[in-house]
Amino acid sequence: MSGDQSPRLPEGDRPWMMRTYAGHSTAKASNELYRRNLQKGQTGLSVAFDLPTQTGYDPDDELARGEVGKVGVPISHRGDMAALMDGIPLGEMNTSMTINATAAWLLALYIVAAEEQDVAQEQLQGTTQNDIIKEFLARGTYAFPPAASMRLIADMIAYTVEHVPKWNPINICSYHLQEAGATPVQEIAYAMSNAIAVLDGARARVAETHDGANGAGASEAQKLMEQVFGRISFFVNAGVRFVEEHAKLRAMSILWEELGRERYGVQDERHLRFRYGVQVNSLGLTEAQPENNVQRIVLEALAVTLGRDARARAIQLPAWNEALGLPRPWDQQWSLRIQQVLAYETDILEYPDIFEGSIVMDGLVAELLEGARAEMAVVAEHGGAVEAVAYMKGALVDSHRERIRRIESGEQVVVGQNRFTESEDSPLTADAEGGILVVDPAIEAEQIDDVRRWRAERDQGAVDAALARLAELARAEDGKENLMVATIAAARAGATTGEWARTLREVFGSYRAPTGVGEAAAAPADADLSELREEVSRLQQKLGRRPKILVGKPGLDGHSNGAEQIAVRARDAGMDVVYEGIRLTPAQIAASALQEGVHVIGLSILSGSHRELIPTVIEALREAGVSAPVVVGGIIPEQDVAALREAGVAAVYTPKDFDITRIMRDIVELVGAGSPVPVAATGASATGSA
Amino acid sequence: MSEDGGALGARLREGDVSAAPAALNLLESTADEDRRQSAALLKELSPTALEGEATGHVIGVTGPPGAGKSTLLSALLRAWRADGQTVAMLAVDPSSRRSGGSLLGDRARIEFDPSDRDIFIRSTSAGERLGGLAWATRAAAHALAAAFDIVVIETVGVGQAETEVADVADTVVVVVQPGSGDVLQFLKSGIMEIPDVLVITKADLGAIAMRAKRDVGAALRALGSSSTRVLAVSSLSPPQGVEELIAALREHRAGADLDARRLRARRANALSDYTHEHGEHGLRALGGRPAAERLLAEQDPSLDTAALVATLERRAGER
Numbered sequence: 001m002s003g004d005q006s007p008r009l010p011e012g013d014r015p016w017m018m019r020t021y022a023g024h025s026t027a028k029a030s031n032e033l034y035r036r037n038l039q040k041g042q043t044g045l046s047v048a049f050d051l052p053t054q055t056g057y058d059p060d061d062e063l064a065r066g067e068v069g070k071v072g073v074p075i076s077h078r079g080d081m082a083a084l085m086d087g088i089p090l091g092e093m094n095t096s097m098t099i100n101a102t103a104a105w106l107l108a109l110y111i112v113a114a115e116e117q118d119v120a121q122e123q124l125q126g127t128t129q130n131d132i133i134k135e136f137l138a139r140g141t142y143a144f145p146p147a148a149s150m151r152l153i154a155d156m157i158a159y160t161v162e163h164v165p166k167w168n169p170i171n172i173c174s175y176h177l178q179e180a181g182a183t184p185v186q187e188i189a190y191a192m193s194n195a196i197a198v199l200d201g202a203r204a205r206v207a208e209t210h211d212g213a214n215g216a217g218a219s220e221a222q223k224l225m226e227q228v229f230g231r232i233s234f235f236v237n238a239g240v241r242f243v244e245e246h247a248k249l250r251a252m253s254i255l256w257e258e259l260g261r262e263r264y265g266v267q268d269e270r271h272l273r274f275r276y277g278v279q280v281n282s283l284g285l286t287e288a289q290p291e292n293n294v295q296r297i298v299l300e301a302l303a304v305t306l307g308r309d310a311r312a313r314a315i316q317l318p319a320w321n322e323a324l325g326l327p328r329p330w331d332q333q334w335s336l337r338i339q340q341v342l343a344y345e346t347d348i349l350e351y352p353d354i355f356e357g358s359i360v361m362d363g364l365v366a367e368l369l370e371g372a373r374a375e376m377a378v379v380a381e382h383g384g385a386v387e388a389v390a391y392m393k394g395a396l397v398d399s400h401r402e403r404i405r406r407i408e409s410g411e412q413v414v415v416g417q418n419r420f421t422e423s424e425d426s427p428l429t430a431d432a433e434g435g436i437l438v439v440d441p442a443i444e445a446e447q448i449d450d451v452r453r454w455r456a457e458r459d460q461g462a463v464d465a466a467l468a469r470l471a472e473l474a475r476a477e478d479g480k481e482n483l484m485v486a487t488i489a490a491a492r493a494g495a496t497t498g499e500w501a502r503t504l505r506e507v508f509g510s511y512r513a514p515t516g517v518g519e520a521a522a523a524p525a526d527a528d529l530s531e532l533r534e535e536v537s538r539l540q541q542k543l544g545r546r547p548k549i550l551v552g553k554p555g556l557d558g559h560s561n562g563a564e565q566i567a568v569r570a571r572d573a574g575m576d577v578v579y580e581g582i583r584l585t586p587a588q589i590a591a592s593a594l595q596e597g598v599h600v601i602g603l604s605i606l607s608g609s610h611r612e613l614i615p616t617v618i619e620a621l622r623e624a625g626v627s628a629p630v631v632v633g634g635i636i637p638e639q640d641v642a643a644l645r646e647a648g649v650a651a652v653y654t655p656k657d658f659d660i661t662r663i664m665r666d667i668v669e670l671v672g673a674g675s676p677v678p679v680a681a682t683g684a685s686a687t688g689s690a
Numbered sequence: 001m002s003e004d005g006g007a008l009g010a011r012l013r014e015g016d017v018s019a020a021p022a023a024l025n026l027l028e029s030t031a032d033e034d035r036r037q038s039a040a041l042l043k044e045l046s047p048t049a050l051e052g053e054a055t056g057h058v059i060g061v062t063g064p065p066g067a068g069k070s071t072l073l074s075a076l077l078r079a080w081r082a083d084g085q086t087v088a089m090l091a092v093d094p095s096s097r098r099s100g101g102s103l104l105g106d107r108a109r110i111e112f113d114p115s116d117r118d119i120f121i122r123s124t125s126a127g128e129r130l131g132g133l134a135w136a137t138r139a140a141a142h143a144l145a146a147a148f149d150i151v152v153i154e155t156v157g158v159g160q161a162e163t164e165v166a167d168v169a170d171t172v173v174v175v176v177q178p179g180s181g182d183v184l185q186f187l188k189s190g191i192m193e194i195p196d197v198l199v200i201t202k203a204d205l206g207a208i209a210m211r212a213k214r215d216v217g218a219a220l221r222a223l224g225s226s227s228t229r230v231l232a233v234s235s236l237s238p239p240q241g242v243e244e245l246i247a248a249l250r251e252h253r254a255g256a257d258l259d260a261r262r263l264r265a266r267r268a269n270a271l272s273d274y275t276h277e278h279g280e281h282g283l284r285a286l287g288g289r290p291a292a293e294r295l296l297a298e299q300d301p302s303l304d305t306a307a308l309v310a311t312l313e314r315r316a317g318e319r
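Quick note, the sequences are listed as chains B and L, same order. Using my numbering, read the first sequence as starting at 1 and increasing by one per residue. Using my numbering, read the second sequence as starting at 1 and increasing by one per residue.
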């Protein structure tokens, strides 16, 4: 920009797309919510699916218990999708779907819903999140093993680039990496490595379908590959250190362009642009003095809007009360209004890039680029992102532990949580439900009836044939059949989410991702822990065995960061830790507790299903004859604590209990207060002699 | 308050697998009263009490991290259960003891039906004891072999690990993945003892797995071992080689002189326990290791490990 020009753009930029991550209870209730949100000036949809839908189970599956309609909307078949989009013109709407393992299925349902509105798939616009590597790393809603998952992604890319050309088939997510504790360097490096794995897979897929050895086929394949590159978008995070966060996004756009040119031979400038949507940071939102989250969210939004050269295409902001429970429509409206004030009241859209030429910004970007390139090289040495999942997971657990250590020690200030904690009572949380949305537990039974009725009323022969065809193609030796067409046919025939996923699970097998806790480094020599270790050692003398704790997550919620940190800290404190990971049934937890002879059980739930699941787990434990105390951690609203205690929970920890060492001390005390040797056998015929 | 060890031992002897968790709680405990109860438990399972050796097949499974042990064990577990066999699995975690604590993650990697009461999986840490399986693990394997059809001891590592397992197991299986050249080197250099069964995983990789199988077979022949079975297995669906592996394990056990092997194991374990308790000084009191071994060899074959340790302690006291 030369000096004699106006510092303003000749014409202000159009605002970014404004969305709210929303959906709960039923398709009908969510449809009403979407329509209201659109009336309030929201410009796109962002669909939150419940965990059974995300992991491929119908509402009547054993694993779905307590989770139906909780963190999102349950969509079991094309009837549900039609109800969800009822009265919303799909030819004009831009819909983002947070869906991964079952993305191919939900896109198929969306395409069929559009057909029913007489809208051709060529017209559809939107995004399926579809990033499975970050599910293995951070979010946990995977369904199939890595190779099969990557194949489904490649199938979707190859299909959409030809038949749904305005669709973004995948959003490479760095968002969840930051939520899992990633540093900015890790966030950039792992997201880019992930993109490489996806693009390499897509390149192979495209080459196969176009006999891309040489001649016309090859140039056609290269042309398509340019389009594929252009359709890959990102879904990023932004924390409260918003200057560095902005630098991170500039660094990502530089790396992306470089990757396109050098690795994939992309020349068209339009395809080389780094496009991203954003949901700003939830990890940093606090339960203590939750009103402070509003200013955090505003500042984080600046990270992705301030500089024009790295501005978000679409933004959704979390609500102020996310650390308390599920947000209500009013809470979400507040966050939409933040976006609207930024876009329509401030002047940020009137200028060219305001950081151009900034020495500080350029320096930050250079620093991040250097770190990210080095970390990308490490991932490449492991053989790429798919092979490096265990390495990256371990690194994230380590970073998160460091973050928690800084907060515990006060090095990192969190206002209202570890500093300036004196507070007046908040009128925001004064109502009977504590200022959050409570999903009616009757919803689950309704949805179970609904899906059973659907199965009874459809043409079963057509469904069976469609699923058999899908299985046959999935099983085909060469793995070259694109599964999208058969998936769309199954959606049209009336198959359910659970049936589609089960068909593929039977072919591909199921999978458990690495937990990362085994890879996490041993604790540094730490004075804070030595006292605790002595206590553990005394407890060991008393028990005769080293204190043993079972840590796991019941239900479908895959957010395992908290459970991992508890597991690592318990080990560092000197306990034997049986870490069971995610998606455990009550029967699994009971069997493990019994067989392992643990002294205490730690359960973590963030999905809001604790009221249903925890009592069931405790019942299963007591039935198995396990008397060890149970502690629960997660997003547990204050008003639910009493009920959990009544069900037999010894202690409940929520996000405001950020000091893990203190939690450990409680647990050690709890075990010490109990019977010296817990009786752990069913039908033990003797009660002992000492 | 301790469990009654004698009663637990009797239940195991009668094949009551539900006694396993409480039995392990006792055997792992170092509290004085628990140790007394442990002794009572093991006494109920001595060769005399059992009128012979425990009937369970103790199988040691070892191999480097990432070789596919957990996936293989999941497949074996399925096949054994389909065949109606009861299975106990002791997963030994080698993690370092800097803090004293350990993360026992193996259980999560093995797939099984949690409502199936004829499967018992216990994770244990290798413990403070260097150069050997924890006392509790050896005692547990012995005790569980009286109640379960199959007892698996899973350890991680290549080199020392299978030597330790060999002191407890009837059959030692080493699991390697194709392309792990270090296993070949360990075999050739003698760092690693020759296993009874060697499994190459990831047979679905095809040519690479077949070449690994040939190489390992050639190395074993060069070392003069003709008895080691080498098998290639794929645990991926559809599994290949799992049935063959199960048959090979069964054949090895049928072919081995089980009584002699168990007896040798008891004597080795007794010496190891004695040395752990009394150290080099204790060994000198017996006139050195060879003298101690001779003394053990003279004892009644039906004596259990505890009785053998007591014999050594008595002799040391006499000298």
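No lab work stands behind these hints: they were computed from the structure. It is possible that some hints are incorrect.
What the hints assert, rightly or not - Residues from chain L that keep clear of chain B, each with C-beta distances beyond 10 Å, as calculated:
1) Leu-24
2) Ala-31
3) Gln-177
4) Ala-291
Stated by the list, open to error - Restraint ranges, calculated between C-beta atoms of paired labels, are given here:
5) Glu-313(L) - Arg-538(B): 39 to 45 Å
6) Arg-289(L) - Gly-410(B): 52 to 58 Å
7) Ser-530(B) - Arg-289(L): 38 to 44 Å
To be verified - Chain L side only, calculated, beta carbon under 8 Å to chain B, not exhaustive:
8) Asp-34
9) Leu-104
10) Pro-114
11) Ile-121
12) Leu-263
13) Ala-265
Heads up, the beta-carbon is just placed ideally off N, CA and C, and yes, glycines get one too.
Hint-by-hint comparison with the structure:
no., hint, result
1, Leu-24, "6 Å, violated"
2, Ala-31, "3 Å, violated"
3, Gln-177, "13 Å, holds"
4, Ala-291, "35 Å, holds"
5, Glu-313(L) - Arg-538(B): 39 to 45 Å, "30 Å, violated"
6, Arg-289(L) - Gly-410(B): 52 to 58 Å, "57 Å, holds"
7, Ser-530(B) - Arg-289(L): 38 to 44 Å, "39 Å, holds"
8, Asp-34, "5 Å, holds"
9, Leu-104, "5 Å, holds"
10, Pro-114, "4 Å, holds"
11, Ile-121, "6 Å, holds"
12, Leu-263, "30 Å, violated"
13, Ala-265, "25 Å, violated"
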